[in-house]
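Asks: Below, each chain spelled out in residue letters.
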Amino acid sequence: MSPFLALVRRDLALAFREGGAVGTTLGFYLMVVTMLPLGLGPDLNLLSRIAPGVLWVALLLAALLSLDRIFLNDYEEGALEVMALGPMPLELVAAAKSLAHWISTGIPLALITPALGLLLNLDIDAYGVLVLTMLAGTPAISFIGAIGGALTLGLRRGGLLLSLLVLPLYVPTLIFGISSVNAVLMGPGGFAASFLILCALSLASLVLAPIAAAAAIRMQLQ
Amino acid sequence: MKAMASIAPVYQLANPTRFMALAARIVPWLAGLTVVLFAIGLYMAFFIAPPDYQQGETVRIMYIHVPAAWLAMMCYGVIAISSFGYLVFRHPMADVSAKAAAPIGAVFTALALITGSLWGKPMWGTYWVWDARLTSVLILFFLYLGLMALRNGVEDETLAGKLTAVMALVGTVILPIIKFSVDWWNTLHQPASVMRIGGPTIHPSILWPLLVMALAFTLLFVVLHLKAMGNEVLRRRVVALRMRAVQRAANLEPQGPAREAAE
Numbered sequence: 001m002s003p004f005l006a007l008v009r010r011d012l013a014l015a016f017r018e019g020g021a022v023g024t025t026l027g028f029y030l031m032v033v034t035m036l037p038l039g040l041g042p043d044l045n046l047l048s049r050i051a052p053g054v055l056w057v058a059l060l061l062a063a064l065l066s067l068d069r070i071f072l073n074d075y076e077e078g079a080l081e082v083m084a085l086g087p088m089p090l091e092l093v094a095a096a097k098s099l100a101h102w103i104s105t106g107i108p109l110a111l112i113t114p115a116l117g118l119l120l121n122l123d124i125d126a127y128g129v130l131v132l133t134m135l136a137g138t139p140a141i142s143f144i145g146a147i148g149g150a151l152t153l154g155l156r157r158g159g160l161l162l163s164l165l166v167l168p169l170y171v172p173t174l175i176f177g178i179s180s181v182n183a184v185l186m187g188p189g190g191f192a193a194s195f196l197i198l199c200a201l202s203l204a205s206l207v208l209a210p211i212a213a214a215a216a217i218r219m220q221l222q
Numbered sequence: 223m224k225a226m227a228s229i230a231p232v233y234q235l236a237n238p239t240r241f242m243a244l245a246a247r248i249v250p251w252l253a254g255l256t257v258v259l260f261a262i263g264l265y266m267a268f269f270i271a272p273p274d275y276q277q278g279e280t281v282r283i284m285y286i287h288v289p290a291a292w293l294a295m296m297c298y299g300v301i302a303i304s305s306f307g308y309l310v311f312r313h314p315m316a317d318v319s320a321k322a323a324a325p326i327g328a329v330f331t332a333l334a335l336i337t338g339s340l341w342g343k344p345m346w347g348t349y350w351v352w353d354a355r356l357t358s359v360l361i362l363f364f365l366y367l368g369l370m371a372l373r374n375g376v377e378d379e380t381l382a383g384k385l386t387a388v389m390a391l392v393g394t395v396i397l398p399i400i401k402f403s404v405d406w407w408n409t410l411h412q413p414a415s416v417m418r419i420g421g422p423t424i425h426p427s428i429l430w431p432l433l434v435m436a437l438a439f440t441l442l443f444v445v446l447h448l449k450a451m452g453n454e455v456l457r458r459r460v461v462a463l464r465m466r467a468v469q470r471a472a473n474l475e476p477q478g479p480a481r482e483a484a485e
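Residue numbers (my numbering), protein chains in the order written: chain A, 1 to 222; chain B, 223 to 485.
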C-alpha cells in the first residue's frame, strides 16, 4: 500500500474510532439547523425558501469546528514531525490528511442533509441537487480549511482565529453552491455554469491548498 | 549585468539603516506634496467638477470612494508582493513592509465601504446590497483583519511574519475576483469606467479631479507606509536593545554559589 493511502486510512481510522469526532460534528450540524426555526418562527413557507442556504451555512460552521482535527493532534504528539521527516513530501501528507477529513466530515455532513431538510420543509426537488452540490463543494472546504488548520497550529485559542482566517475563503464555495441549487429550484438554465465553477473551486483547492498548508507546517516545525 | 544594476537600489533599500535615512529625507517632501494634491483635488472635486445630471451632488462622494477602493486593492498587492519577497528572499524589510501595509489597507477598504454605502442610500435606496463587488470588497476587509489577527496571535515574531505571508498569498485570489466581479456578474455596482480597454468612459471634467484625488491617495499611502515601516524598524530595534540589556543584566548578576552567598 502506498504511503499516501496508508496515511488516509490511518486518519480515517482515528477519526471514526476516536470517541465521537465525526458524531460531534454531525450533532453540531443538527443543533444549528434545529436552532434556526426556533429563532425564525415555524413558518413553513419561509423555512422551505431559505432551507438550502441554512443547510449550506450550517454545514460550513460544522465543518469549521472540525478543522483543527486535521493537523493539531499529530502536531501536539509529534507525529507530524515524523511525517515531515519521512520520504513522502509534506505536500502529499497535507493532501492525504485533508482527503481523510473530507471523507470523515464532508461526506457524512452532505449525506445527512436530506434528513435535516425534512426539518426545514425543503422542496422535494432540491434534495438531490443539494446533496450533489455539497458533495462537490465540501472538498474545497476540507482542503482550504487545512490551510487554516496549518497556520494556527502553534497558537493558543487558535480555533477562533482559524474561523476568522478561513471563513472569508469559503465565500466563493458558498455562493456557487447556493446558486447552483437555486438555479434548479427557481428557473431553467444556469445550473451547469454554477456547478462547474463549484467543481473548479474544489479541484483548484485540491491542488493548491496542500502547498500552502505544507509551507505553513514546515515553518512551525523548524 | 544590466538587470543587476537596475535592482541594486532595491537591495540597498533592504538595509534598514539606509532605508531609514532615505525615508527621513523624502517623507517630508512627499507629505507636503500629498497635502498640496489633496487641496487641489478636493477643491476641484467640490467646486470645479459639475454635479452629475442624474446623481446630483452625491457624485462628489465618488472622488473619495473610487481612490479609496483602488488603494484598498493596491495595498493588498503591496502586501502580497512583500510577502512573496519575504518568503523567497527571507529579508526582514519585506516583512516590515507587509506588516505596515495591513492596517493602512484595512482603513482604505473600510473607507471605500463606508463612502460606498453613504452613496448607495440616496442612489440605490439602501446602504448595502449583497452585490458581487460589494461582497468581494467586504471579504477583502475580512482578509485584512485576518492578517492582522494572525500576526497578533503568534508570539514568535519571525514565525508570525512567515505565517502571515503564507496567508496573504493565499488571499491574493480575491484581487482578480474584485476587479472582474462587475464583468463576470451582472451587478448593481457600475462596471469599470476609468481603467478599461478603449479608454475611460467618463467626461474629462469629472475624470481630472478623480485622477488628482487618486494620485493624492496614492501618495498618502506611500507616506503612511514609509512612516509605518520606519516605526516598525524602530520598534524592532527597541525590542532588540531591551533583549540585549536583559542579557547583559543576567550576565552581570552573580550566579550559582556566589549568588546564593550574596543573598
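A couple of the hints might just be wrong.
[Said to hold, decoys possible] Heads up, incomplete: computed chain A residues facing chain B, CB under 8 Å, no partners named:
(1) I112
(2) L155
(3) A212
(4) A215
Worth flagging that the hints you see were computed from the coordinates, not collected in a lab. In this text, a Cβ means the ideal position worked out from N, Cα and C, and glycines have one as well.
Asks: Which earlier hints turn out false for this structure, listed by number in ascending order?
Replies: Violated hint (a single one): 1; every other hint is consistent with the structure.
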